[in-house]
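**Student:** This is what each chain is made of:
Number of protein chains: 2
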Amino acid sequence: MNTDIFEFKRPGVAVDVILFGILDKNLKVGLIQREEEPHLNKYALPGRFVRYEEPIEDTAKMALKLKGGINPEVVFSEQLYTFGQDLKRDTRIRTISIVYYGLIDSQKIDFQSGNKFKWYSVYDLPQLAFDHNAIIRYALERLCKKIKEWEDVAFQLMPKEFTLTELQNTYEIILNEKLDKRNFRKKILEQNILKELKKKKMEGVHRPAGLFSFIRQR
Amino acid sequence: MNTDIFEFKRPGVAVDVILFGILDKNLKVGLIQREEEPHLNKYALPGRFVRYEEPIEDTAKMALKLKGGINPEVVFSEQLYTFGQDLKRDTRIRTISIVYYGLIDSQKIDFQSGNKFKWYSVYDLPQLAFDHNAIIRYALERLCKKIKEWEDVAFQLMPKEFTLTELQNTYEIILNEKLDKRNFRKKILEQNILKELKKKKMEGVHRPAGLFSFIRQR
DNA sequence: ACAAAAGTGTTGTCAGTACACCCATGG
DNA sequence: CCATGGGTGTACTGACAACACTTTTGT
Numbered sequence: 001m002n003t004d005i006f007e008f009k010r011p012g013v014a015v016d017v018i019l020f021g022i023l024d025k026n027l028k029v030g031l032i033q034r035e036e037e038p039h040l041n042k043y044a045l046p047g048r049f050v051r052y053e054e055p056i057e058d059t060a061k062m063a064l065k066l067k068g069g070i071n072p073e074v075v076f077s078e079q080l081y082t083f084g085q086d087l088k089r090d091t092r093i094r095t096i097s098i099v100y101y102g103l104i105d106s107q108k109i110d111f112q113s114g115n116k117f118k119w120y121s122v123y124d125l126p127q128l129a130f131d132h133n134a135i136i137r138y139a140l141e142r143l144c145k146k147i148k149e150w151e152d153v154a155f156q157l158m159p160k161e162f163t164l165t166e167l168q169n170t171y172e173i174i175l176n177e178k179l180d181k182r183n184f185r186k187k188i189l190e191q192n193i194l195k196e197l198k199k200k201k202m203e204g205v206h207r208p209a210g211l212f213s214f215i216r217q218r
Numbered sequence: 001m002n003t004d005i006f007e008f009k010r011p012g013v014a015v016d017v018i019l020f021g022i023l024d025k026n027l028k029v030g031l032i033q034r035e036e037e038p039h040l041n042k043y044a045l046p047g048r049f050v051r052y053e054e055p056i057e058d059t060a061k062m063a064l065k066l067k068g069g070i071n072p073e074v075v076f077s078e079q080l081y082t083f084g085q086d087l088k089r090d091t092r093i094r095t096i097s098i099v100y101y102g103l104i105d106s107q108k109i110d111f112q113s114g115n116k117f118k119w120y121s122v123y124d125l126p127q128l129a130f131d132h133n134a135i136i137r138y139a140l141e142r143l144c145k146k147i148k149e150w151e152d153v154a155f156q157l158m159p160k161e162f163t164l165t166e167l168q169n170t171y172e173i174i175l176n177e178k179l180d181k182r183n184f185r186k187k188i189l190e191q192n193i194l195k196e197l198k199k200k201k202m203e204g205v206h207r208p209a210g211l212f213s214f215i216r217q218r
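Top line first, the protein sequences correspond to chains A and B. Quick note, the first sequence lines up with residues 1 to 218 if you use our numbering. Quick note, the second sequence lines up with residues 1 to 218 if you use our numbering.
Calculated directly from the structure, the hints in this document are not laboratory data. Where a beta carbon is used, it is the ideal one built from N, C-alpha and C, also for glycine. Every clue listed holds true.
Not the full set, but computed from the structure, chain B residues with beta-carbon under 10 Å of chain A:
(1) F8
(2) P11
(3) G12
(4) V50
(5) R51
(6) E54
(7) Q85
(8) R92
(9) I93
The task is simple: from the sequences and hints, build the whole structure.
**Tutor:** Written out as structure tokens, the structure is:
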């Protein structure tokens with residue numbers, strides 16, 4: 001029966017992470033350039049093999065940290081899907097890939113020290129290693145679905161304090177469509193997930209905007 | 001870097017399958033009694049370690065076939081989630097579990113030869129091995145969500161030909177709530193996923209019911 | 001003729017959408 | 001005083017929910 005459990009040749013298990021951020025008013029993903037075969041020099045999602053004594057969420061965090069030079073504590077992440085159909089996905093060993101997506105407030109990205117990410121718009125990706133293009137498309141679909149169902153994930157992409165217009169911009173960038181200002185505000189406010197701060201954002205030659213933050217902190 | 005890829009001690013990867021079926025007007029899951037440690041003799045979901053040269057969907061099918069004696073070709077299945085946080089989940093080796101759920105028309109279950117499943121109502125489960133109780137709860141949640149969004153998965157639990165009342169019963173059993181007959185029919189028919197057969201189901205002392213089948217076959 | 005399930009339409013309610021004007025500020 | 005984005009309310013529309021009676025059959 002199963003008692004040969006120690007005998008099976010085990011597939012490798014990797015975690016790949018799609019890190020989304022809003023940069024230059026675009027939804028971008030963090031990619032790294034591969035430094036080894038297969039797909040040497042191609043861009044790819046940061047990934048890492050799951051160590052024997054490593055919970056898979058830790059693997060995701062380590063991938064972000066080691067491959068991208070990002071502090072994983074400022075990233076919200078969730079499991080997306082596990083790809084394990086294609087035996088030849090990785091040419092070295094048979095690999096099963098558990099894919100996470102992550103959301104980061106781009107202000108928290110340290111563009112100096114050791115940051116290895118290149119940020120590409122999800123709508124303008126280079127040809128990536130493995131099946132990473134398809135994986136990103138899938139992740140984007142899921143993210144859009146969550147946003148459309150008003151699951152409160154967008155604030156993971158926002159700074160702590162923000163105006164309603166900034167939040168709306170984030171929604172619009174993800175969904176890739178314009179939203180109505182009044183309807184957006186009505187809907188987002190009636191969910192009671194925001195608290196209005198007693199501050200205004202004074203910026204530009206116009207009426208100052210009220211600042212909000214999410215009630216449930218990260 | 002990663003070049004020690006052949007050196008890592010690899011976690012085991014298993015696939016577990018939650019097989020749902022409607023029996024005795026109840027939503028039930030197929031469980032097997034474990035024949036080995038850990039959790040010897042406890043009931044559990046059918047599962048199997050992923051072999052090196054085995055796509056994970058094949059692993060799911062093999063689990064159904066070998067552990068449950070079910071022909072996997074008559075089962076619709078989809079990936080649910082991958083559990084890989086708990087290092088001590090399986091006491092033998094560190095195991096990551098990719099969980100699938102499956103739907104079967106219970107008329108296709110062969111209760112004779114070699115069928116090892118015991119069927120338990122999802123609302124009345126025994127204490128199961130590993131974290132399988134929690135996994136089933138999670139699967140049920142996802143199934144309900146799909147049904148509520150009118151994703152057409154219910155017909156995987158139905159025979160080829162069925163009446164609208166029978167289909168509605170399936171919805172009601174899964175959701176565990178009564179639905180309005182007229183609203184249900186309106187909603188299901190306007191989706192154009194059913195074709196009305198030129199047959200009636202003559203049964204009982206009452207007006208015969210029209211038979212339907214799904215347009216998109218399995 | 002009766003019991004039992006099949007089949008069928010209308011109305012009210014609520015959420016979502018569309019839409020236009022005044023407000024506060026800096027220069 | 002003007003340009004700029006911030007901020008606000010109402011009316012329409014379409015989807016969903018509630019609800020009751022007639023039809024067809026076997027006995």
